[in-house]
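Number of protein chains: 4
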Amino acid sequence: MPSFIGHRCTYRVIYGDTDKMGVVYHANYFRWFEIGRSEMFRDLGLTYKQIEAKGIFLPVSEAFCKFVSPVQYDDFIIIETIIDSADRAGVKFDYIVFDETGETTIAKGYTRHACVNENGRVTRPPAFLKDALAKKGQ
Amino acid sequence: MPSFIGHRCTYRVIYGDTDKMGVVYHANYFRWFEIGRSEMFRDLGLTYKQIEAKGIFLPVSEAFCKFVSPVQYDDFIIIETIIDSADRAGVKFDYIVFDETGETTIAKGYTRHACVNENGRVTRPPAFLKDALAKKGQ
Amino acid sequence: MPSFIGHRCTYRVIYGDTDKMGVVYHANYFRWFEIGRSEMFRDLGLTYKQIEAKGIFLPVSEAFCKFVSPVQYDDFIIIETIIDSADRAGVKFDYIVFDETGETTIAKGYTRHACVNENGRVTRPPAFLKDALAKKGQ
Amino acid sequence: MPSFIGHRCTYRVIYGDTDKMGVVYHANYFRWFEIGRSEMFRDLGLTYKQIEAKGIFLPVSEAFCKFVSPVQYDDFIIIETIIDSADRAGVKFDYIVFDETGETTIAKGYTRHACVNENGRVTRPPAFLKDALAKKGQ
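Protein chains in written order, with my numbering: chain B, 176 to 313; chain R, 176 to 313; chain D, 176 to 313; chain S, 176 to 313.
What you were told as hints is all true, and nothing was included just to trick you.
It does not matter which identical chain is used: a pair holds within one copy or between any two.
No farther apart than 25 angstroms at their CA atoms in a straight line, the calculated lysine to any residue pairs in the SDA-like style are these:
(1) K283 - V297
(2) K305 - D259
(3) K283 - T298
(4) K195 - D269
(5) K224 - I253
(6) K241 - E278
(7) K229 - S244
Calculated directly from the structure, the hints in this document are not laboratory data.
Make a model of the complete structure from these sequences and hints.
In structure tokens:
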């Protein structure tokens, strides 16, 4: 039995997301990953906006996506976000994008984030951030 | 005989600009208008980056585009930018987008810009900006 | 007393929508207009996807937006879409974007759409489309 | 001594590419990778548009980017594209993004592409494609 379930949120594909192949342009999946982690933070009671207000920024240092099956215009998708790790090296999130049934995987990926302070210096994730992320990881 | 000719620059359409109708998604034309006015500023010897470094910002207050004929993937387009006016109300630019021959119009539009200082206050366009724009308008 | 109320839907601003001025990049408002009309069509019981399945396409022929006040990262906005007209010349929608209170206007605009058949020919809006739009306009 | 040098092309960063952190939004780097491989194909004498006209499509099946140092508004960047492999499994390209000096690496990544025919079926890269790619790989 899994001791951990990721956070889920949804998105409706618009025309502006698609390309001439008739499916969503691959770069736009990374926008979905952003939606996923933003909504997960909100659900944890600490929005990313609040994190920035405390002087902590989480710029993306690595991004990866494997495109499993194409997504069409007007499709309703489910973005699952999972906290992979939050250690001295930064924070990593995994993502699984499902179709509207929540059962067929359409993409998988991850993003790594550095933890940076107001002076642009790389820093360890502060306690308030690790505590919020630990809520979900239990 | 025209006493004035606008500034011209070019752009190559990528897959990411298109949508499932097989043509460029309409919102992306406004990115072209930005390319047009940026390159015109550079050509005048005053980049928009330099304008911001002097504490002046030109946020878009109105944008309009008439889409005359569709643009396909890999098309090479010409963006013509014309200084319409620079008065106390702000700055206005007109744009004509041509196909690669420079003879067929594919879109026409304009953007209006407020002139804002570092404190976010609307201000009159300063002399250095009006002088630069006047070079082209002669 | 207004005999007509537009359709309302919502959107949460992501990082990818903003630009270095710290607010939403102007071209992205036209994506919101698309969300507005798509969700209005869905609410009328006729999705834009279904319209295309019947061989009718509504490419944007004109787009306009007046940017009244800036929108920040993580803002929750309300997009109101109003059917302006649907006659032989095509279809026109008006949009008002409100902040989360639904009372402060942050942008206003419109889009005009040609009505095109599967052969790419401009055609009059068919009865099924006019009927659906008339539901809202009563 | 390197027996192989990748193809290089350039791009000027616009406002619409940046986000509120004042740097280019990470998802937009994948647009640069597309520009890189498109211009490399053009340079090989076989544009991607021509590949599609022959009934072959190369949808992205995996995309990765490591963001080494941030890119600012108006920066002029160099995109280097290297053909990594073209075998029965598809095609893979590597990318290095440099600053305008061509010496400082600002990002590195790759994209994998399936090779698909007009019926949407995965197929081996045809001879005309392998021949074109081999020109560069010699």
